[in-house]
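**Q** Chain residues, written in single-letter form:
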Amino acid sequence: MRPFFEWCDQTAVGEAIRDSRFIFPIAESIHLLALTVLLGSVVVLSLRLLGGGLRSQSIPDVARTLAPLTLGGLLTMLGTGALLFCSEAMKCYENPPFWFKMEALGLAILFHYTFVRSTTRSEEAAASRVRTAVAAVGSLLLWFGVGAGGRAIGFY
Amino acid sequence: MSILEICQWLQDTEIGTAIRESVWWFPIIEGTHVLALALSVGTLLVMDLRLTGLVMKDRRVSEISKQIVPWSMAGFFVMFVTGSLLFWCQAVKAYGSLYFRIKVVALLLAGLNALFFELRTRRGISAWDSDPVPPLRARLAGFAGMLLWACVIAAGRTMAYNF
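Listed in order, the protein sequences are those of chains A and B. Under our numbering, the final residue of the first sequence carries the number 156; numbering is consecutive throughout. Under our numbering, the final residue of the second sequence carries the number 319; numbering is consecutive throughout.
There may be inaccurate statements among the hints.
Only some residues are given here: those of chain A computed to face chain B with a beta carbon under 7 Å [stated by the list, open to error]: (1) Cys8; (2) Pro25; (3) Ala27; (4) Leu32; (5) Leu33; (6) Thr36; (7) Leu39; (8) Gly40; (9) Val43; (10) Gly53; (11) Leu54; (12) Ser56; (13) Ser58; (14) Phe144; (15) Ala148; (16) Arg151.
In short, the hints are calculated from the structure, not lab data. Everything numeric in this text was worked out from a predicted model, so none of it was measured. Beta carbons: idealized from backbone N, C-alpha and C, even for Gly.
Given only the sequences and the hints, what does the whole structure look like? Please build it.
**A** Structural data, given as structure tokens:
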């Protein structure tokens with residue numbers, strides 16, 4: 001893995017971001033705005049799965065409304081995250097919270113687009129209380145784990 | 157006492173010093189402040205998107221508001237408590253930061269926008285509650301809310317840098 005991190009660190013993009021005073025803070029701010037959208041949509045869907053929030057709409061209805069917010073937030077975070085990463089790839093390599101974040105991120109994406117998606121696709125699938133509870137609690141733990149890991153990168 | 161002296165006194169108090177110098181409290185409070193964005197502004201986003209006529213057009217505005225806004229309020233309570241503690245332990249730095257001032261102004265404007273909506277625009281909600289796309293003044297409140305909260309978040313993040 002180390003050669004890949006070294007390569008990222010030496011890319012023109014990484015260097016340009018390090019040389020600029022403004023690109024890093026701007027990418028950070030966009031990363032955080034997208035976090036609000038992504039985690040916000042996860043919270044609203046999880047609340048609904050647990051019987052709170054938008055209760056008067058069906059679970060598939062709420063999931064359909066939120067899907068573009070989740071995806072848009074996620075793609076924006078991946079894009080800005082890649083920029084931030086290139087500018088300090090070697091710092092990330094030595095940073096345990098970064099590895100924790102990447103593992104949690106992989107699991108969160110997988111969990112969301114398999115289990116959560118199939119649970120929220122139809123009224124029948126969403127009828128199981130156990131299943132919706134697992135989807136909601138799993139989502140919250142995984143996505144907030146990603147967020148906490150991300151915040152910890154800077155504190156480590 | 158000038159405001160700066162009050163800030164200095166505040167961060168020199170026992171609690172301010174304890175938070176600033178602790179290994180765990182500061183990251184935990186700061187981390188909670190960041191992640192509570194999802195509950196506060198993240199949930200409010202759904203309400204603002206409905207106000208602008210972009211999502212859940214087949215649902216009444218009041219119905220969405222009743223179900224979503226209490227969660228946003230809970231989120232803002234968490235933000236206010238953690239934000240106050242963060243200010244407490246670094247009041248002088250915050251006071252001297254241009255971005256903190258921008259954040260406070262944007263916060264006040266967001267509050268005024270919400271207040272104006274509650275006291276005026278909402279009064280006539282029965283006339284447009286079921287409209288897929290609410291009237292201009294309601295859409296403006298939604299767009300202004302999203303823009304102002306984005307400013308609060310971006311300015312808050314930028315406080316960490318010295319420009």
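**Q** Does each hint fit the structure? Answer for all of them.
**A** Here is what the structure says about each hint:
no.	hint	in the structure
1	Cys8	violated, 23 Å
2	Pro25	holds, 5 Å
3	Ala27	violated, 10 Å
4	Leu32	holds, 5 Å
5	Leu33	holds, 6 Å
6	Thr36	holds, 5 Å
7	Leu39	holds, 3 Å
8	Gly40	holds, 2 Å
9	Val43	holds, 5 Å
10	Gly53	holds, 6 Å
11	Leu54	holds, 5 Å
12	Ser56	holds, 6 Å
13	Ser58	violated, 11 Å
14	Phe144	holds, 6 Å
15	Ala148	holds, 6 Å
16	Arg151	holds, 5 Å
Of the numbered hints given earlier, the model fails hints 1, 3, 13; all others are met.
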